[in-house]
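Novice: The lines below spell out each chain.
Number of protein chains: 2
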Amino acid sequence: MTKRLLLAAAAAFALPFPALAQTAAQVASVRDAAMRDEVAWNVVEGLTTEVGQRLAATEAEARARAWAVKTLTALGFKNVHIETYRMPVWVRGAETAEVLGSAAQKLAIAALGYSGSTGVQPLEAEIAYFPSLADLQAAPTGSLKGKIAFIDHAMVPTQDGSQYGYYGAVRRAGPSIAATKGAAAVLIRSIGTDHHRNPHTGVTTWAQGVSPIPAAALSVPDAEQLVRLVKRGPVKLRLAITPQFKGEAESGNVIADIPGSDPNAGIIVVGGHLDSWDLGTGAIDDGAGVAITTAAALHAAKLGQPRRTIRVVWFGAEEVGGFGGEAYAKAHAGERHVLAMESDFGADRVWKFETNLPSGAKGIADRLETALYPIGIERGREAAHGGTDVEPILRGGVGTIGMAQSGIRYFDLHHTPDDTLDKIDPEQLRQNVAAWAAMLAITANAPEDIGPVSAEH
Amino acid sequence: MTKRLLLAAAAAFALPFPALAQTAAQVASVRDAAMRDEVAWNVVEGLTTEVGQRLAATEAEARARAWAVKTLTALGFKNVHIETYRMPVWVRGAETAEVLGSAAQKLAIAALGYSGSTGVQPLEAEIAYFPSLADLQAAPTGSLKGKIAFIDHAMVPTQDGSQYGYYGAVRRAGPSIAATKGAAAVLIRSIGTDHHRNPHTGVTTWAQGVSPIPAAALSVPDAEQLVRLVKRGPVKLRLAITPQFKGEAESGNVIADIPGSDPNAGIIVVGGHLDSWDLGTGAIDDGAGVAITTAAALHAAKLGQPRRTIRVVWFGAEEVGGFGGEAYAKAHAGERHVLAMESDFGADRVWKFETNLPSGAKGIADRLETALYPIGIERGREAAHGGTDVEPILRGGVGTIGMAQSGIRYFDLHHTPDDTLDKIDPEQLRQNVAAWAAMLAITANAPEDIGPVSAEH
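Protein chains in written order, with UniProt numbering: chain F, 1 to 457; chain G, 1 to 457.
Read the hints as simulated data drawn from the structure, not as lab findings.
Take these hints with a grain of salt, some might be off.
[To be verified] Below are the DSS-like pairs computed for lysine-lysine, each with C-alpha atoms no more than 30 Å apart in a straight line: (1) Lys106/F with Lys231/G; (2) Lys70/F with Lys231/G; (3) Lys246/G with Lys106/F; (4) Lys231/G with Lys236/F; (5) Lys70/G with Lys246/F.
[Unchecked claim] A few chain G residues facing chain F, derived, Cβ under 8 Å: (6) Gly52; (7) Gln53; (8) Ala103; (9) Gln105; (10) Ser117; (11) Gln121; (12) Pro122; (13) Leu123; (14) His195; (15) Arg197; (16) Pro221; (17) Asp418; (18) Thr420.
All residues carry an ideal CB built from backbone N, CA and C; glycine is no exception.
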């Protein structure tokens, strides 16, 4: 906790405005004050420095929860508490890859979440190269017996991050497909858009009945190197990948409220996820998300007690399967949630917002457009979707608003050792806080009833 | 050896021009043909792919020499051979650093060349933080007893790379100073300008009588993290750094000639260094340098047999103390070298040339200015200095010409795992080849006598 955080906390609840539907000028004042925010930076700086990486259900994630409670309490939130749940734990072991023979050299790899193990005795096997997931799918059953499948792809940076959905299938589904065809292990080109020797981890999913095999990502330069070698002739690798499944352990969500004045108006949930991958310090994924939404809630509350409760949730265990989001939705099924939003796409500038609102509350989107136009945010045409952690809430027909951040450099850093504080641009972070603060100032005080949504937006 | 390399080799000596002083138009034709060069790319692609890292005096460097002989022979060079020498060998071991206590986390480090070892039992000690080398120098003798000295600095990118000389003292001299003051180990902020979790290695120098202590570089993000932690209070680290001194082993230079027609006109030496650090594949440092100078020699020879012998040397063991350059100068002290030039600053565009020529040969600089003006290369005002490997030749009063490459991103990559092929821009590489080819076309055929130089240029 820094002095600046404490000062920000003292200021947060000091203004005596009554809780009325806000005017456009009031929203603008919240937005503009948030453009000078220091809380978000201090939160993400503190979390990434004082805790570091926060792999789900480990001692580090527990330290992060304690840090969160201390910080959110000091910032003046009410009802700050941890809600725990149990979940399976997977932890990284050794991970080395060496080309054998005349081009002997090491390659940089990182095991995928839920990878199997080679055992202590390294595996030596030949590469079977697949330029695409479709090529792997076309391989005859059994044809990979005793081989290391190597799956390539051609993901490029996009502003909306959409290529992660498309090419990300290589990581999510590729290993399981390779296993069903008899592969002894699987390597993928990192699902990333950079050219650094830092592999991108992330979970893979084993289909029902498929036993995990060793599965790892090569850094993009190493994947390109392996392609060059494979094109010259057969390549044999020695692989040692020794992660462990450790049984069940405790994880948890940290919850903090700014209580609303009207208990019938419902709760607005905002947040990000507290856990991170174990390679970096989880600055953009997702220290930034908890920092942005936390700071934004404080700025929105400067208009006085909001009509609706603003609940900030720092979800646990998102990366490894969304356990925190599921646990929250289950534990709070009896409450009236009217909106749920997550920030989980880095800390770069918001360039677009989208909504999924009930027909009686469409005016909110118009007021939001007015508030966000001056800070470079357009109104999008698609229906908003929530992040992983709020999806279980949204399933019940709850509305959402999406703040689309620029994804141009997100997959340079995502799930790598390079996800560190220095990658956050403080100015862009503040623009995020301003966008979320304006959105919360509008939605938490909206005079409309915010009812359930149907499929249309 | 690729098919394209062989075709280039076949073409290299095919043109039947007589060996006359070249015209400006002939030099321009060499330059422009070199702007379409494929040899340099194929050399650096082959070397970094088929050999990988090439740490001095290791099995990998020996494989690189064999690769070099095969390649230079196929390219049509004469007198291709290896000249060996023996030298001390230092190899990397384990290297881990962990913050202990409430902010427990791992930090990314790489041992410096000639670092001492912690032994198998890790060292646990408190950090003593020094914002600069001057702060370390001011610490009282004995004040670091049992501590880990951590030396910071503020190096930034520069086009001329000059900050490496200035801030690089932290790596070259810092560890020895820390050792004399009783430090148990030393960490430095990487001498680098990037923000990736890839530490920059490089040699450190122990003053006479100082016993090596464990010495490593933190990646820049990790150094910044450690500064943030140190500012919060005392920090204790667990360090395991276990490199080994392995006694003496063989290293060597690879030498290849394009023989000149006039044995009295002297030899022009060009080259780069074949060895690399062990973390990357040595693409920019210095696969590019051997590739550029080799390709340039072939292009220059397209004017017909040159008057002077062009000797291409792929020096060994530059990174760890310049053993190859010293060995070459000693072995060839009886020969008449008239110019010696090295390319060892990456593969980005040449923006300036400088010369150090005897008074009777200043016209060469004027002709070079004419040839290089059209490809974005200005004539500089300072005296040229040679690279590490040709310095021992230059000491004898031999002239040189410097092709200054842009260093803006060189220290993002230098001595890191990120020094890989993908960092080379083929277009900029070709511009380098063109500059060197034009320079060799002029100098190898210059009708002037190129005598010894004095201190002035």
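Novice: Looking at the structure, which of the earlier hints fail to hold?
Specialist: 1, 4, 5, 10, 11, 12 and 13
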